[in-house]
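All chains should be built: construct the whole structure from the sequences, respecting the hints.
Note that the protein sequences, when read in sequence, are chains A and B. Mapping the first sequence onto the numbering used here, position 281 (from 1) lands on 281, and the numbers just tick up by one. Mapping the second sequence onto the numbering used here, position 97 (from 1) lands on 97, and the numbers just tick up by one.
In short, the hints are calculated from the structure, not lab data. One or more of the hints may lead you astray.
[Said to hold, decoys possible] One-sided excerpt, in silico: chain A residues whose CB lies under 7 Å from chain B:
id	residue
1	Arg-28
2	Arg-30
3	Glu-168
4	Ser-202
5	Arg-203
6	Glu-280
7	Gly-365
8	Val-367
9	Ala-368
10	Ile-370
11	Val-371
12	Asp-372
Glycine is no exception: its CB is placed at the ideal position from the N, C-alpha and C atoms.
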Amino acid sequence: MNNPDTNKPRTIDLVNQSLARRYARERRFRRLGLAAITAGLLFVSFLFISIFAKGYTAFWQTEIQLRITFDEQMIDPSGERDPEVLGFADYNILVKTALMERFPDVRKRGDRRDLFGLVSTGASLQLREIVMADPAVIGTTQTLWLTADDDIDMLVKGHIDRERDESERRVNDKVIAWVDALEADGALGSSFNINFFSHGDSRDPEQAGIAGAVMGSFYTLIVTLLLSFPIGVASAVYLEEFAPKNKWTDIIEVNINNLAAVPSIVFGLLGLAVFINFFELPRSAPIVGGLVLTLMTLPTIIIASRAALKSVPPSIREAALGVGASKMQATTHHVVPLALPGMLTGTIIGMAQALGESAPLLMIGMVAFIVDIPQGAFDPSTVLPVQIYLWADSPERAFVERTSAAILVLLAFLLTMNLLAVILRKKFERRW
Amino acid sequence: MIRKQIALAVALGMAGLTAQAAATRDYISIVGSSTVYPFATVVAENFGKTTKFNTPKVESTGSGGGLKLFCAGVGVEHPDITNASRAIKSSEVESCAKNGVKEIVEMKIGYDGIVMANSSSAEPYSLTTKDIFLALAKMVPGPDGKLIDNPNKTWKDVNPELQNATIEVLGPPPTSGTRDAFVELAMEGGAKAFPDLKTLRGLERGSDELKAMMKKLGIPMSIWTAYEEKKGKAPSGKDIFKVVAHGVREDGYYIEAGENDNLIVQKLEKNPAALGIFGFSFLDQNSDKVQGSHINDTEPTFDAIADGSYPVSRSLYFYVKKAHVGTIPGIQEYLNEFSSEKAWGDMGYLTDRGLIPMPKTERMKFREDAMNLNPMSK
Chain A
1 MNNPDTNKPR TIDLVNQSLA RRYARERRFR RLGLAAITAG LLFVSFLFIS
51 IFAKGYTAFW QTEIQLRITF DEQMIDPSGE RDPEVLGFAD YNILVKTALM
101 ERFPDVRKRG DRRDLFGLVS TGASLQLREI VMADPAVIGT TQTLWLTADD
151 DIDMLVKGHI DRERDESERR VNDKVIAWVD ALEADGALGS SFNINFFSHG
201 DSRDPEQAGI AGAVMGSFYT LIVTLLLSFP IGVASAVYLE EFAPKNKWTD
251 IIEVNINNLA AVPSIVFGLL GLAVFINFFE LPRSAPIVGG LVLTLMTLPT
301 IIIASRAALK SVPPSIREAA LGVGASKMQA TTHHVVPLAL PGMLTGTIIG
351 MAQALGESAP LLMIGMVAFI VDIPQGAFDP STVLPVQIYL WADSPERAFV
401 ERTSAAILVL LAFLLTMNLL AVILRKKFER RW
Chain B
1 MIRKQIALAV ALGMAGLTAQ AAATRDYISI VGSSTVYPFA TVVAENFGKT
51 TKFNTPKVES TGSGGGLKLF CAGVGVEHPD ITNASRAIKS SEVESCAKNG
101 VKEIVEMKIG YDGIVMANSS SAEPYSLTTK DIFLALAKMV PGPDGKLIDN
151 PNKTWKDVNP ELQNATIEVL GPPPTSGTRD AFVELAMEGG AKAFPDLKTL
201 RGLERGSDEL KAMMKKLGIP MSIWTAYEEK KGKAPSGKDI FKVVAHGVRE
251 DGYYIEAGEN DNLIVQKLEK NPAALGIFGF SFLDQNSDKV QGSHINDTEP
301 TFDAIADGSY PVSRSLYFYV KKAHVGTIPG IQEYLNEFSS EKAWGDMGYL
351 TDRGLIPMPK TERMKFREDA MNLNPMSK
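Here it is as structure tokens:
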């Protein structure tokens with residue numbers, strides 16, 4: 001190489017010169033990426049920590065120990081132990097008597113009212129259950145732990161500031177003195193909050209639970225799954241394997257992609273107009289919720305299923321056809337089973353989306369106060385995200401921690417479902 | 001009917017679920033106001049626990065939305081009772097009648113106060129309705145008496161006796177019943193303190209005096225024409241007055257904080273400089289965090305709202321479809337529970353939740369209406 005122009009730098013020099021700058025640029029780019037991920041993780045952990053910090057106390061419930069005399073005169077004077085009579089007896093009196101025996105100095109009417117407020121209104125139901133389960137307790141005296149009122153629960157958990165002036169807090173000095181007296185006797189304890197998992201909604205925070213909402217979510221998701229999985233897979237298989245490629249299928253494809261991006265509240269309005277007003281299905285029922293969420297999850301499932309079908313190599317189809325299988329046999333015996341893990345993953349992610357959805361359900365009357373736990377898809381019910389929304393809007397202080405606790409339960413369900421999707425993919429997915 | 005059967009068959013066939021037909025309903029269906037919701041749900045729960053009937057389903061749809069559903073017709077698919085934080089409008093009674101809902105029993109249940117509160121760590125406010133109007137209205141009378149865009153930036157601008165703090169009020173959005181009641185009671189009350197606006201309110205529909213007064217106050221005639229186009233008739237002085245008095249400023253001093261009253265309480269706790277507007281029950285539950293401002297020298301207390309001396313309070317109602325009594329089990333008994341002294345009485349369980357009871361004579365009257373199912377005459 002005879003290069004007369006010696007002033008002109010050689011390419012390798014140029015490269016070497018710029019190398020340091022290029023490395024620096026790469027380092028900056030990497031750091032930027034790392035910073036983005038750190039920021040994301042920070043936000044997520046902040047969210048989790050704040051919800052957990054607010055919510056974990058709701059899994060424990062303050063209880064008060066009382067000596068309850070199951071007075072036969074009060075419960076069943078006839079002595080026949082007729083379940084009907086036992087069911088309608090006034091168990092509240094037993095609780096009140098026990099409290100008056102524990103604090104005999106309290107005489108004034110107003111003070112007694114405060115005293116009876118120590119124990120939850122649900123305590124009489126607790127006693128009722130005990131008697132119904134075993135009528136032999138009638139006539140005996142038992143030492144029992146009864147659920148405390150939500151104000152007492154908040155006081156014990158430290159959510160009510162004792163230092164404040166009496167007029168500025170929900171619990172007055174007398175009540176605090178009684179609570180301290182009970183604590184000194186060891187008659188104040190806390191146990192796992194079973195009510196939270198076994199009860200339906202209630203306006204008394206200590207009686208409120210998520211069982212109704214969980215069952216509502218369950219029925220809604222069952223309906224969604226039973227409808228959206230077969231319809232979604234069938235449409236995906238048809239579009240991918242059988243449909244001719246023309247402008248009609250193009251239009252359908254564009255529309256499915258568009259539907260996936262439609263705000264979910266729109267599906268709620270559609271559900272209200274079609275399922276409730278036109279088909280006259282009942283309001284607030286999981287069947288309608290399921291139908292609406294089916295509309296919402298279908299695009300997700302179709303798109304995921306088509307991607308799974310596309311990833312099955314054409315050689316499988318050709319081999320099947322080559323040994324004499326019909327198009328349908330090739331599809332049902334070979335292609336679909338191979339694509340199934342991907343389809344299931346898509347379905348689970350769609351279901352997780354549906355579980356966390358509340359906006360479309362607002363339109364179809366699932367934002368409702370429902371105490372009775374739903375027994376089927378036609379019973380009025382609510383779902384977990386809506387229950388969270390309702391509790392967040394309740395004035396009672398104790399609902400704050402229950403709201404966070406319900407969010408924790410919802411997050412646990414979502415994590416489980418997503419984990420399932422990951423495991424399924426890892427275990428069964430085949431790569432070619 | 002055939003559509004319903006097809007839908008049911010399709011849904012059942014595909015879902016493969018057992019279900020009872022939706023042709024009958026064995027629980028009461030209640031819809032309506034989110035303000036009445038906390039009270040209606042407590043009664044519903046108690047009713048479900050103490051009687052052989054199922055617990056009623058209570059939906060929170062807002063007063064307007066509830067009445068719309070309620071008036072849609074007679075039959076199991078329509079609600080039996082709707083809660084409202086205002087009285088039913090004559091237009092709603094008409095639309096009800098058009099759909100066959102003729103006999104409606106009106107039940108007043110008590111009162112709810114709307115409070116303006118700030119954090120307990122800050123100095124309490126003592127406001128008049130005039131101060132509130134001057135601080136929050138979109139248009140206020142200027143120095144020459146003409147309406148101008150609200151120039152007030154601090155409470156001291158509004159009234160020299162007040163704190164020298166920037167106006168920062170967190171309140172509900174226009175869709176909320178609390179907002180409706182607040183503008184009607186506090187803002188209108190404040191607007192009436194101005195003689196010209198008060199005169200405007202009394203002027204006759206479409207009169208020349210009204211036009212002259214609007215000119216004097218500098219109110220644009222576009223409000224007049226807009227009303228005419230919408231309603232098909234000329235506005236009255238009251239209509240123009242309402243437009244002026246109900247206009248809340250949109251320049252950042254009034255902040256729409258959503259319908260969630262708990263959120264407003266939390267924000268006030270964090271920001272001692274701000275005031276918030278919400279229902280009395282939230283003040284009652286959070287008395288350790290926030291304090292209610294005095295309005296027209298009256299503190300928002302249980303007693304002041306009950307005897308009517310606190311100016312910003314409203315009545316709460318529910319409406320019962322008489323045609324459903326007898327077909328849906330338990331409606332009569334639900335009315336009985338709601339109107340019992342142990343529920344809405346002076347010492348009843350609803351007062352524990354922040355409902356302010358009616359005087360005894362009024363309670364007796366409404367209980368009688370409930371027992372005899374006397375339909376309202378409107």
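Status of the hints after comparison with the structure:
no.: 1; hint: Arg-28; in the structure: violated (37 Å)
no.: 2; hint: Arg-30; in the structure: violated (38 Å)
no.: 3; hint: Glu-168; in the structure: holds (5 Å)
no.: 4; hint: Ser-202; in the structure: holds (6 Å)
no.: 5; hint: Arg-203; in the structure: holds (5 Å)
no.: 6; hint: Glu-280; in the structure: holds (4 Å)
no.: 7; hint: Gly-365; in the structure: holds (5 Å)
no.: 8; hint: Val-367; in the structure: holds (6 Å)
no.: 9; hint: Ala-368; in the structure: holds (4 Å)
no.: 10; hint: Ile-370; in the structure: holds (6 Å)
no.: 11; hint: Val-371; in the structure: holds (4 Å)
no.: 12; hint: Asp-372; in the structure: holds (5 Å)
The structure fails hints 1, 2 (numbered hints given earlier, in ascending order).
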